[in-house]
Amino acid sequence: KAGVTQTPRYLIKTRGQQVTLSCSPISGHRSVSWYQQTPGQGLQFLFEYFSETQRNKGNFPGRFSGRQFSNSRSEMNVSTLELGDSALYLCASSLARGPLVRGYTFGSGTRLTVV
Amino acid sequence: SQQGEEDPQALSIQEGENATMNCSYKTSINNLQWYRQNSGRGLVHLILIRSNEREKHSGRLRVTLDTSKKSSSLLITASRAADTASYFCATDLTSGSRLTFGEGTQLTVNP
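So the sequences go chain by chain: A and B.
Position 104 of the first sequence, counted from 1, bears residue number 104 in the working numbering, the numbering being contiguous throughout.
Converting from the second sequence to the working numbering requires adding 1000 to each position, the first position being numbered 1.
Honestly, I wouldn't trust all of these hints.
As the list claims (entries may be wrong) - Going by beta-carbon spacing under 8 Å, a handful of chain B positions derived as facing chain A:
1) Asn1031
2) Gln1033
3) Asn1038
4) Gly1042
5) Leu1043
6) His1045
7) Ile1049
8) Glu1053
9) Ala1085
10) Phe1088
11) Asp1092
12) Arg1098
13) Leu1099
14) Phe1101
Said to hold, decoys possible - Derived DEER-like restraints, expressed as beta-carbon distance ranges:
15) A/Lys57 x B/Lys1026: 36 to 46 Å
16) A/Ser51 x B/Lys1026: 42 to 52 Å
17) A/Gln41 x B/Asp1007: 18 to 28 Å
To be verified - Only pairs whose alpha carbons sit at most 27 Å apart, straight line, appear in this in silico DSSO-like list of lysine-lysine:
18) B/Lys1026 x A/Lys57
19) A/Lys57 x B/Lys1070
20) A/Lys13 x A/Lys57
21) B/Lys1069 x B/Lys1026
22) B/Lys1056 x B/Lys1070
23) B/Lys1026 x B/Lys1070
Honestly, the hints are just simulated from the structure, not real lab data.
Each residue gets a CB set at the ideal place from its N, CA and C atoms; glycine is no exception.
So that you can see chain A by itself, here it is in the shape it has in the complex (with noise of 0.2 Å):
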């Protein structure tokens, strides 16, 4: 079966403005969380969905958002793009929340470049 999709792959955008990027789990998964890697902080959880509703967030500003549709795909939205989001981000899924058997499934993640 087809694995996480995330898109767009690569993103360059200017300081001030906002970016979209989405993710597409597993099909029949319906858990998809978002993380940010970036050199300095390394990995990074930012929030996660489960049916349409946000159950858990990280440490990020309000400037990061997301949300989930009935069909489970996800989008994340950051405003106000600073340098310091510059980041590798990453989906992953799962088929249900709470304690995990077989780990979570990563995209291949978004390159963001803000310039």
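Once you have looked at the hints, place chain B on chain A.
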């Protein structure tokens, strides 16, 4: 801040040798997972070990977990050049549904 620390930060070995990476964490966990990442791509799940397990095997991978020391190790036996990647441990805290990653170990396997 990161939940865990990984040791070493970088490891370079020859093909056929074994590679051992260590991970320490700070709080109680539900399970611990290991992931591999090739050159800025997505993460690939390798193995999950629950807090009530002490050792787990998957192919050439062996993971141990010592909850009293809050540490885990990943052993890759008979390494191959294709094993070259960054390896991350991730803890799933008792509340679940949110992974906290270590800083990663960059493994280079020389042919």
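Hints, verified against the model:
1. Asn1031: holds (7 Å)
2. Gln1033: Cβ of B/Gln1033 sits 5 Å from chain A, so the hint holds.
3. Asn1038: Because about 10 Å separates B/Asn1038 from the closest Cβ in chain A, which is outside the 8 Å limit, the hint is violated.
4. Gly1042: holds (4 Å)
5. Leu1043: This interface hint holds because 4 Å falls under the 8 Å limit.
6. His1045: holds (4 Å)
7. Ile1049: B/Ile1049 check fails; min Cβ-Cβ to chain A is 11 Å, beyond 8 Å.
8. Glu1053: violated (12 Å)
9. Ala1085: violated (13 Å)
10. Phe1088: holds (7 Å)
11. Asp1092: Since chain A brings a Cβ to about 6 Å from B/Asp1092, closer than 8 Å, the hint holds.
12. Arg1098: holds (5 Å)
13. Leu1099: With a closest approach of 7 Å, the B/Leu1099 hint holds.
14. Phe1101: holds (4 Å)
15. A/Lys57 x B/Lys1026: 36 to 46 Å: About 21 Å separates the Cβ atoms of A/Lys57 and B/Lys1026, which means 36 to 46 Å is violated.
16. A/Ser51 x B/Lys1026: 42 to 52 Å: Since A/Ser51 and B/Lys1026 have Cβ atoms about 31 Å apart, the given range 42 to 52 Å is violated.
17. A/Gln41 x B/Asp1007: 18 to 28 Å: holds (19 Å)
18. B/Lys1026 x A/Lys57: holds (20 Å)
19. A/Lys57 x B/Lys1070: holds (25 Å)
20. A/Lys13 x A/Lys57: holds (25 Å)
21. B/Lys1069 x B/Lys1026: Status holds; Cα separation ~9 Å.
22. B/Lys1056 x B/Lys1070: holds (16 Å)
23. B/Lys1026 x B/Lys1070: Roughly 7 Å separates the two Cα atoms, so the pair holds.
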